[in-house]
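Residue numbering for the sequence shown follows UniProt numbering, starting at 1 and increasing by one per position.
Because the hints were derived from the structure by calculation, they are not lab data.
So the derived label-pair ranges between C-beta atoms look like this: (1) D102 - L180: 27 to 35 Å; (2) N100 - R202: 18 to 26 Å; (3) P159 - I130: 42 to 50 Å; (4) Q168 - E90: 25 to 33 Å; (5) R199 - D157: 17 to 25 Å.
For each residue, glycine too, the CB sits at the ideal point set by N, CA and C.
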Amino acid sequence: MSVSDSGRRPKPPAAINWDRRLMQDPARLDSTSTPDPGQEATGAEMRAAPRVGLLIRPAKIISPDHQFLCVIRDLSETGLSVCVFHSLPECDHYTIEFQNGDRIPAEVMWRDGDRMGLKFLERADLDRLITSPSRYAKRPIRIELEAPAIVAMPGRDVPVRICDISGQGAKIACEEHMMLASNVVLRATHLPSTRAKIRWRRNGAYGLVFEDTLQMSELARIVAAMQNVAL
1 MSVSDSGRRP KPPAAINWDR RLMQDPARLD STSTPDPGQE ATGAEMRAAP RVGLLIRPAK
61 IISPDHQFLC VIRDLSETGL SVCVFHSLPE CDHYTIEFQN GDRIPAEVMW RDGDRMGLKF
121 LERADLDRLI TSPSRYAKRP IRIELEAPAI VAMPGRDVPV RICDISGQGA KIACEEHMML
181 ASNVVLRATH LPSTRAKIRW RRNGAYGLVF EDTLQMSELA RIVAAMQNVA L
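All chains should be built: construct the whole structure from the sequences, respecting the hints.
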């Protein structure tokens with residue numbers, strides 16, 4: 001594969017529409033407590049809890065076998081509602097991971113298209129969920145997965161494994177030595193050719209920073225496809 005490929009990709013119309021929706025329609029998901037008819041008691045409990053609505057906050061939703069991106073739209077100490085970008089595996093329980101790495105197990109209470117309401121298995125600290133304290137600056141959500149890929153650079157293509165990926169970069173692993181600050185193109189099935197720079201190297205792992213940020217909706221569909229989840 002040649003590194004002369006521009007590596008630039010047009011944004012898919014669907015991705016553009018999704019990301020505009022997230023910014024322009026903040027009231028679309030305005031309740032964690034919209035239960036289905038069989039969940040009235042639980043819904044009443046969730047309505048009674050103090051909550052924060054109109055959020056647009058990225059998070060990770062984790063099933064027993066996969067990790068996915070979602071957007072938190074409404075949050076309380078008893079649960080939350082999220083917006084997802086594709087179908088999820090049939091599962092009654094997920095773990096929600098917040099930007100600071102905190103994880104809370106939750107039970108699915110209702111589904112409605114690209115919306116889903118979940119109840120925490122234990123009451124959460126709402127202040128902590130909102131402030132999301134962390135010793136790190138706010139990091140982009142990283143999806144951990146295993147996917148073969150190619151890093152193309154002048155004169156050679158290097159087989160690598162993607163270990164995690166975010167909208168701004170990826171962690172890869174390979175057995176070959178690559179120079180720091182090298183300009184490369186990352187290629188993988190379901191991932192458009194993506195220009196990047198090698199930012200760090202440690203014990204056979206490399207950190208890539210993408211030249212162009214992936215939109216959240218685009219990244220969500222990419223990681224789902226990489227994990228062989230039907231969209």
